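Each chain, written out:
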Amino acid sequence: MYNENIFHYLRTNKLPHIWCPGCAHGIITASILRGIDKLKLDKNKTSVISGIGCSGRTPGYLDMNTLHTTHGRSLTFATGIKFANPKLTVIDVMGDGDALAIGGNHFIHACRRNIDITAIIFNNNIYGMTGGQYSPTTPVNAYASTAPYGNVEPPFDIVKLATGAGATFVARGDAFHVALMDKIIEQAISHKGFSVVEIMATCPTQFGRRNKMKEPYQMLDFVANMAVSIKKWNEISEEEKEGKFPVGVFVDETRSEYCESYEENILKKVQRGEK
Amino acid sequence: MKKSYTHKIFKNLCKSCSLCVHYCPKNVLEIGEDRKVVAKRPEDCIGCHMCELRCPDFAIQVFECQAEEQKAAK
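From first to last, the protein sequence lines are chains A and B.
When we follow this note's numbering, the leftmost residue of the first sequence carries the number 27, and every step to the right adds one.
When we follow this note's numbering, the leftmost residue of the second sequence carries the number 2, and every step to the right adds one.
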C-alpha cells in the first residue's frame, strides 16, 4: 500500500539494484520516493544528484532528471542545476565520506549559502564500496579495514556541523524508524532553503561483519537501539547518552534563499543598468 | 470483521536478506526453498506494513483485501 506507486519513479529495467542484501540504502531510497509521491512532485521537474560511493548508485535507479557526478562534488553540480533552473526540485544524495571528507568544504559552503537543495546524507559509518575503510563518522572503537585495532578518531556530528554552518533545516532519522524518516524527508523536500537530513544507515557487509553484526537485522537493531527521540534526549542523563544519538528535526527556520536574493540584488540591478 | 491482507512479492527483486521475516510481528513470512520470501501464513497478517517499509529491495507490498475477496477467503 505504501509502496504502491513506487515503480512509477523507478527505472525498473535496472532492478534489482547492486546494493548488498539487507543494505539500508534501499530503505532510504524507498522513503525518498514515498516523499516525492506524497508531495505529488512531477518527476520531470525533479532532479536527483549523487556523488561516488554506494549512495552514488541511487540516481541510476530513479526515473527522473538524474546526475551521477564526481566524488564529493555532487553539491556543486546540484548548486549549478538549481541556479540555472530554480523551478526544479533538487535533491542531493550523499554518503558520509562523500559529504564530510571529500566534499566537506562544499558541504559547509552550501549550508552557508542557503540554496534551496535537499541534501540527504546516507550515513553508514564506513566507506562501504571501496573495502570498508573508516570514514569521518565511524564511531570510536569500531573496527574497519584500515582500523584493525579499533578506530580512535572521534566522529563528526553532522547535525551540529550543519547547524553551525547555517543550514535552515537540519534533521536526523534512522533506517529502522521508517515512519519518522518518511516524515522528516517529506518536510525537508518541502522546506525552502538548504535542508540537511542525516539518515543513519547500515552496512552489514563492510561494517557489520567486522563488528560482530553480520546479519542485516543485527545491524538495523544496532541503529534502532542507538536512536533516541529529541524529547527523551533532553530528559536522560549524560551517562545514558553514551553511544546514542537523538533523532528528529533540530532546526527549522527561514532565511533569505540564495537564488531569490541573487535575482533580487544582482540580476535585477544588472537589467536596470545600476551599479 | 477481521481484515485480511494479500502479499504481493516480486521474486526477481528479493535478495533474501530476511529483514521482513525478522521484523514481522506475526511470523507471516518465511524464506522459501528457492531462497526467496513467501507469505506462509497470510491469514495471520495484521497489516502493519513493517515488511513493506523495511524491504530494501522494493520486493514486497501488502494490500488490504476488498470486502468480496474477504468473504471468498472465508
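FYI, nobody ran anything at the bench for these hints, they're computed from the structure.
Quick caveat, the model's predicted, so the values are computed rather than measured.
One thing to keep in mind: the hints can contain errors.
Said to hold, decoys possible - Interface residues of chain B toward chain A, partial, derived using beta-carbon atoms under 7 Å: (1) Cys49; (2) His50; (3) Arg55; (4) Asp58; (5) Gln67.
Backbone N, C-alpha and C define an ideal beta-carbon position, used for all residues, glycine too.
Do the hints match the structure? See the list:
1. For the restraint placing B/Cys49 at the interface with chain A, the shortest Cβ-Cβ distance is roughly 11 Å, beyond the 7 Å limit, so the hint is violated.
2. Here the hint on B/His50 is kept, as its CB sits about 6 Å from the closest CB of chain A, short of 7 Å.
3. Of the supplied interface hints, the one on B/Arg55 holds, with its beta-carbon coming within about 6 Å of a beta-carbon of chain A, less than 7 Å.
4. This hint holds: B/Asp58 has a C-beta 6 Å from the nearest C-beta of chain A, less than the 7 Å allowed.
5. At about 13 Å, the closest approach between the beta carbon of B/Gln67 and any beta carbon in chain A exceeds 7 Å, and the interface hint on this residue is violated.
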